[in-house]
Amino acid sequence: MNVFSDIYKYRELLKTNIKKDIRGKYKGSFLGILWSFLTPLLQVLVYWIVFPYLLGRAGTEDNYLCYLVTGIIPWTFFTSAVTLGTICIKNNKGIIKKVYFPRSILPISVCLSTLVNFFISCTIVLIFCIGTGAGISYHLILLPIIAFTQLILTLGIVFILSAINVYVQDIEFAVQFIINMGFYATPILYSMSLLPEGNILTTLISLNPITVLVNAYRDIFLYHAWPDPMGLLYVLVLSFVVLIIGYLIFGKLEKGFAEQF
Amino acid sequence: MDKQNAIEVKDMSKSFKIQHDTAKGLKEKLLFWNRGTVEYHEVLKHISLNIKKGETVALIGTNGSGKSTLLKLMTKIYYPTSGTLETNGKLTSLLELGAGFHTEFTGRENIYFNASIFGLTRADIDKRIDEIIEFSELGDFINSPVRTYSSGMFMRLAFSVAINVDADILLIDEILAVGDQHFQDKCYAKLEELKKEGKTIVIVTHSLDVVKEMCTRAIWIYNGELKMDGEPSLVVDAYLKQIAEDHKNKSKKVSKDIELKADLFIDEPDQYEVVDSTQDSLLLRGWCVTNDDESVLKVSLDGKEVEEIERHPRGDVYAVYYEMYDGMLNADILGWKKNVMMSNLEKGIHKVVVSCWCEDGRCLASKEQTFTIE
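Protein sequences appear in the order of chains A and B.
Mapping to the numbering used here: the first sequence position 172 is 180, numbers consecutive.
Mapping to the numbering used here: the second sequence position 212 is 217, numbers consecutive.
Hints are not guaranteed to be accurate.
To be verified - Pairs of lysine-lysine, PhoX-like flavour, derived with a Cα cap of 25 Å: (1) A:Lys17 - B:Lys8; (2) A:Lys260 - B:Lys81; (3) B:Lys8 - A:Lys105; (4) A:Lys260 - B:Lys95; (5) A:Lys263 - B:Lys22; (6) A:Lys263 - B:Lys372; (7) A:Lys101 - B:Lys8.
To be clear, the hints were calculated from the coordinates, so they are not data collected in a lab.
Working from the sequences, and respecting the hints, build out all of it.
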């Protein structure tokens, strides 16, 4: 396949790009890479303090702190990949106008660098699991598979959004809104069991692929159980479909990138 | 494609969209989908050419003629609107230097970043890194962040990376004006070396001397069409003639609007030069460029006008000024000189004044210099 050989040829670029994404982002700031943990951590803290008061019922989940962490860290992985990914072509217009390289390297490296960040953040999740008394179990061996599924899905989405954003710049603003909305369409703060059954909204939320993924993460981190295989399979198939469509769209649009800037 | 060819272009055209009233946002696109006329500007028209392996080819043409676009098409930054363009072999473009430099990182790290954009692997770069650092002459600075570099150092580093990438085809766009004379000479020497190794080199340049010296072939792009292809000196001559003609035609149309101007210079004697009085004659020499065909050049020595000034060709001056003067210069009369008999001059301080006067009696430019005869 042409795609793979191209990417293999430019693997060094992929590597340096990932390194730049991870290290370069916080270069010059005091806490450096710590910020990529600190941000979700502080977010967890805020929700942990505020939500049990605001929504008494939502915050009654056992071990709510750990429940939040296991939801927010995967969610951050998804959102940072999508937000950074959407603008990754536009942000690199300098080099796109100057040099040829497979453009797909850019979205791929964004997704991979957020994946690396996610794996590092997983240590925080583990610390919380142990710290709050939930403990850890052998179910964690599924973590790479779930993360891989999420990677495929985000990559597909990022391919589509980053390519279209070059032509229609509204995408990046719309994405901001949709992500905010998605936060509530995913059981991060609340639990699925609190939703009324048979409701359209409930069905939508349960069909949300991120819901399936977040639930799977919770199963292996918090509940020490095997996640629902059918759900994961559904997300995996969906992710590959999105990835293929995304790559086709990207391939169609990438030839015009340099002319748009 | 033919195995002998490094680059094959077949009946290729490239158009760019020009949108008046650009609808960039979604709202505009939805609301005014029928507004904003889309026009296409054809930058390159039906270009067909083959560049054989090992050739050093210059692309020449005025600004906006499409030669840089052609180079970008070869690099695959742009894609043809119609026709095909194929390349054979690993290709490096030195279109703009320093792509992918990250100023917070050190020079050494940036070598890796930059070289990786050209498709080199870590092992490849490790093999070349000493050569690259040596070529850049940065010394210990290589371990400092790039943001602390002077612009010259930055360009030197960028050029060193680009030129040391082991490519079969090199595309170079007007970037050889990097660094000081010493570094430029080194760059040309490196290019000569690559040429000898049998690499294919395509250069876009306005420096016609480079074309004549280095290239084995010149291709002249004129208004998006391939006008001439062949022996560099022949193509360059035809190109210069065309420029002069074009600009004369153009300036005749708008001659009233053109601001008349001139530049002149006295080469000999130098300012404050001390001239030996035992010589037979004193040579007054210099040049004058102007866009006013009717202007008169006056040379005076100690307030007395010098008559019968000889005019002669000055290619070097022409090369520098032809673009600034929109090609309206006549290369054959740019220089001026006059031999003054020494017997007519007394010892002591003398003053030469050269001035260029236009028809309505305005002085366009003047210069004076003093010298001493002993």
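Hints and how they fare:
1. Taking the CA atoms of A:Lys17 and B:Lys8, the gap is about 23 Å. The hint holds against a cut of 25 Å.
2. With a CA separation close to 14 Å, the supplied pair A:Lys260 and B:Lys81 stays within the 25 Å bound.
3. Our distance criterion of 25 Å between C-alpha atoms is broken by B:Lys8 and A:Lys105, whose separation comes to about 30 Å.
4. Restraint check: the Cα-Cα separation between A:Lys260 and B:Lys95 comes to about 24 Å, which is no more than 25 Å; the hinted pair holds.
5. Pair hint A:Lys263 plus B:Lys22 holds up; C-alpha atoms about 14 Å apart against a cutoff of 25 Å.
6. A distance of roughly 55 Å separates the Cα atoms of A:Lys263 and B:Lys372; the hinted pair therefore is violated under the 25 Å criterion.
7. Between A:Lys101 and B:Lys8 the CA atoms are separated by roughly 34 Å; this puts the pair beyond 25 Å, and the hint is violated.
The structure does not agree with the numbered hints 3, 6 and 7 stated previously, though it agrees with the rest.
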